[in-house]
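**Q** Chain residues, written in single-letter form:
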Amino acid sequence: MALVPITILLPLLVGALLYALPRSDRALSRVIGTAVAVATFAMLIAERDAQWSVRWLSRPFTAAFHFGTTPVALWIALLLALCTACAIATTRVARTRDFVALLLMLEGTMLGLFLARDLLVFALFWDLMLLPVFFGLLNWGEHPTTAWRYFIYNFAGGLTLLLATAAFGVIYGSTDVIGRGGAPLIGTWAPWIFAGFAFAFLVKTPVWPLHTWMPPTYSGLPAPMVSVVSAVQSKAGLYGFLAIVVPLLPNYLREYALPLMVLGAVSLIYGAVVALVQNDAKRVVAYSSLSHLGLIVIAIASMNPLALKGALVYIVAHGLFSAALFMILGYVEEREETRSLLRLGGLGSKNPRLAGALCIAALAALGLPGLAGFVGELVILIGVYQAGYTWPVVVALIAIVLAAAYLIRLYQDIMNGPEVEDVPIRADLSWLEGLAVAPLLLALVVLGVDPAPLLRL
Amino acid sequence: MTIPFTHHDWAAVLPVSIVAVTALVVLIADFFAGRDGQRYVSIVIGLLGTVAAGYFAARQFGHNYDAFFGGFMVGGFATVFQEIILIAAAGSLILYAKVGAPQRVAGMTAIMLWSACGAMLMAGAANLMMIFLGLELLSLGLYALCATVDRKTARESALKYLILSSTATGFLVFGFGLLFGATGSIRLSDLVNPGVTVTPYYWIGAGMFLIGIVFKLSLVPFHTWTPDVFEGAPLPVTAFMSVATKAGTLAVFARFIYAAVPPQAADDLLLPVWIVAGISMIAGNVGMLAQENLKRLLGYSGVAQIGYILTALAGGTPMGLRYALYYLVAYAFMNLGAFAVAAAISGDDEEGALVENYRGLGRRRPWLAAAMTVFLLALAGLPPTAGFLGKILILSSSVSSGYIWLGALLIVGTAISLYAYAKVIRVMYARDEGEALEFRPFVPLAWASAAICAFFVIAMTFYPLTPSNVLPLVR
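Chains as they are written, first to last, in the numbering used here: chain A, 84 to 540; chain B, 3 to 477.
To be clear, the hints were calculated from the coordinates, so they are not data collected in a lab. Hints are supplied without guarantee of correctness; some may be wrong.
Covered, in the sense of this in silico footprint (three residues per stretch, anywhere, with C-beta under 8 Å from a C-beta of chain B), are these stretches of chain A [stated by the list, open to error]:
1. 133–145
2. 208–214
3. 244–254
One-sided excerpt, in silico: chain A residues whose CB lies under 10 Å from chain B [unchecked claim]:
4. Phe148
5. Leu203
6. Phe217
7. Phe234
8. Ala239
9. Trp275
10. Val532
Predicted, not measured: the structure shown is a model, and the values here were computed from it. Even for Gly, the Cβ is constructed at its ideal location relative to N, Cα and C.
Excised from the complex, chain A in its bound form (with noise of 0.2 Å):
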């Protein structure tokens, strides 16, 4: 059926045709942003097992505009476009039309790089989801160099990802390769191949020394935005990782899972750490996720079956709980005009539904048992303690407590303590507000008490 290609171009077509409405208009492209989102999320369930495949080239190598889901693919797409109907539904910066069509392309976007089962394809999109973002920062985002890092550090990863596709192509004859099992790389070339897959993957999730472009972004662009950029996003080079290092190159990653094993490591610590003394309150939340996806990059390394279920687990928690988070704080936000932490303060007790969010949300990513991220992180640590490491999981559990003391202190200086003179208490989350919180807090929920889907597998 040629549903697939629907879903993907649907959104990056509404994008373009919303310049069509007055430049002022905010309600009504942000209830067609919403429905369109909405609309990708069904077309996705409803088409869990479609194909569609379009000769591209036949040489140097074989490609095809060939989209389709992988279970993995399809969980990652739910996310986004959960994630972006969420972040849309509640969008209110300036110049709101222009907003949701560039949060509708990057909607597009993404989910082209998650459907796509050709490599070429994977690689075009890979570049193309940088232009909503790049164009994000440089109009909504606090300062313009902020883009420019963004941009350059993950096009020379896009960069190396194209030499690294091309030269696959060329020695695997075919970039249609993705969830298909062909026999994996092996030769002169396949470390090199391997490199530029893995820095381009490295760069994009982020991980340390690789992650300075990650907190100017993430603190810098809107909340909806930064909500769908580090729910989903991120995710780009973890799922890389997962459907196209693991299958087709599986020897050099188990040679080279130690260095990959140390630079997660490091990302768990270091995020962990700085987190920690942020008073920006985006920026604890931006280095929780360098924190949290080291883990992720530690379960792909170790290669074990259980920890790379638990990593999959984990990718669509961290998904749900950052989006919700960033969410949640934009809100703040737009009512204190401030995310300082040394500012705020002694909200929860006028604002009980934001308060509650912002709770189940942090408790949620500091791995409360009976929400998913819990379940992603037992899962992983698991596994990789399986495979023989054990270094690691202790390193990880660390990083948990140092994540439950940065998330708490987080909800502390927001909600918590006596009520701060000069940042007047505003109303409390509105029923839309509520809303486009609750598909978040409730898929961690569900998925935290019965992970089962996402394990099976």
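We have chain A already, so just place chain B on it with the hints.
**A** Just chain B now, with coordinates in the frame of chain A:
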């Protein structure tokens, strides 16, 4: 005295003749055109001529034969290059709709068409004489064209181009002489078997020939004239030079490396060229970073882009030639499109040449800005443009031919170039609009040219048209 040429020989140069005659028609028609219509009469006749020439050139595709005693080869290879040159000519002279004094447009159009004739001869040239003839016809016209505006920089540009280009031609001709001396033939196909051994004369001759070529392609270290000449020359001339001269010279270079280099000498002889191409990719892109003038920026950009194309040719594989051609076509559309946008927002004094004048274009001329974005993304090699696919193809060629270090340099160069291209995009969409430039009225021809180029730049990504039977026709 009888003329020893048959009708086959004349048919071979039919497209070239059509272009040459069109130039004459343009000049004559100009006498009868009224003052208001002068500009458009020349442009329309010029366009019709290029279309007709393009049609007859396309009919030659696949019908290969030698004309003029092996001096000119008709068929796939020449056809593809001739079409590119015709596209360049059409895309450049269309810009006279916006730029240049009306009473001079006819003359400039005619000279540009004659220059195009020279480039088209180079596309089919199979002996040294024909290469020289084509090259000089191309260059002579350009010297004059550079000086066709009343501007100090234009005169400087023309003089600089004249002197430096003549120097290069000197190298080239000396090289020709030595090659003839070493092999006793001026036919490229005879150069492949240079007697018993490859003599020192051959080496020196071929070396000087390559120096001339590298100069004309404006590769490092002979690239410094390019930005100056580009900046001074009128906008349409810059557009023409950036595509047609490079296409013509590349045709000669490609034919030389595929048909004239003895296999035993190929690696040693051509390695310096590949090294130069590699350095150009870095130096050209670095040079772009500080440019405030779009013409200079695209001048440096051209240095790097030719480096990309040579990367595809490195190793001399049949596939490489196809990808080089694909990228050259894409490059032609990107460059012509960018110049069309520059012309569309320019008047006679070419405001469109300054990057700063694009400020606020995204709001006031959203379609033009969108087209410009497409061209710049394509030059940077971002999807969904032909630049992206072209880079993939070039990279895969460099992997399979073993010149992966060139591929790696291409990656580095591209990463650097991104900043320069994105800087223009940023100016167009920046929030602070600064002092608004007064945008010129709508001129359908320039807009149409930009739209057509944008269409091809995107469409070529999804339908990568690389003519398959090109290589057999080189030799």
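**Q** A separate judgement is required for each hint: does it hold in the structure or not?
**A** Do the hints match the structure? See the list:
1. 133–145: Held - the stretch 133–145 of chain A has 5 residues with a Cβ nearer than 8 Å to chain B, which meets the minimum of three.
2. 208–214: Since 4 is at least three, the answer is holds.
3. 244–254: Coverage by chain B holds here, the residue count being 8 at a Cβ distance below 8 Å.
4. Phe148: holds (8 Å)
5. Leu203: holds (7 Å)
6. Phe217: holds (8 Å)
7. Phe234: Check passed: Cβ of Phe234 (chain A) comes within 7 Å of chain B, closer than 10 Å.
8. Ala239: Status holds, d = 5 Å.
9. Trp275: Holds - the Cβ of Trp275 (chain A) comes within 10 Å of chain B, reaching about 8 Å at its closest.
10. Val532: violated (41 Å)
Against the hints set out earlier in the document, a violation occurs for number 10 only.
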